[in-house]
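Participant: Chain by chain, the residues run as shown.
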Amino acid sequence: EDKVVQSPLSLVVHEGDTVTLNCSYEVTNFRSLLWYKQEKKAPTFLFMLTSSGIEKKSGRLSSILDKKELFSILNITATQTGDSAVYLCAVGAQKLVFGQGTRLTINP
Amino acid sequence: DTEVTQTPKHLVMGMTNKKSLKCEQHMGHRAMYWYKQKAKKPPELMFVYSYEKLSINESVPSRFSPECPNSSLLNLHLHALQPEDSALYLCASSQGIGRNQPQHFGDGTRLSIL
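Going line by line, the protein sequences match chains A and B.
For the first sequence, my numbering begins at 38 and goes up steadily by one.
For the second sequence, my numbering begins at 569 and goes up steadily by one.
Where hints are given, some of them may not hold.
[To be verified] For each label pair, taking beta carbons as the anchor points, the in silico distance ranges come out as:
no., chain 1, residue 1, chain 2, residue 2, range
1, A, Glu76, B, Lys587, 20 to 30 Å
2, A, Gln117, B, Met583, 43 to 53 Å
3, A, His51, B, Arg631, 41 to 51 Å
No lab work stands behind these hints: they were computed from the structure.
It should be emphasised that the depicted structure is a prediction, and the values quoted were computed from it without experimental measurement.
Yeah, the Cβ is synthetic: ideal placement off N, Cα and C, and Gly gets one too.
When you get a sec, could you build the whole thing from the sequences and use the hints?
Facilitator: Structure, rendered in structure tokens:
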């Protein structure tokens, strides 16, 4: 059975800190790994990673995939209160298997 | 606001009611999805449609009946639901299932079964 595990499950930091969120996976047929940010409603797409070792970057957020060790990290630098959300990692293509999510809280 | 539009945003229904959830996208995507998300849990896949044909049914009870009238629309017909079916129902779309393209989600319909 495909499995995606995120850590930590919850994280509270101060504004301006840098955070690293982890996602490890065990799947039978890897196609891609995706990161989403979910506040109150729709999960919002952040990154899709298919190749190992290539960093994807968007502003203060970046992510990288290690296909040998079967994990990905999501980094957020200079955090802001608006970064508070649940960050979801998912693996698959047609069928996405999600991790439990990391609930990130940024305190001012 | 997302490019995947779901209506209604909230729905309260009794166990004997029949209702439908609607999802619409105009991004030219050919794959559409229904997910169920319980509180503090990740989304769980229910159905996948590809080119308007049902591609995946994740052993969903028959009281949930999906329908894809055309490439832009996806419905979920509900009948005789149980209280445990109360959840956020998310629709998503992607360019196609054969390609590595991300799924984009709507804001969901929050469903409460009395």
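Participant: Need the list of violated hint numbers for this structure, in ascending order.
Facilitator: none
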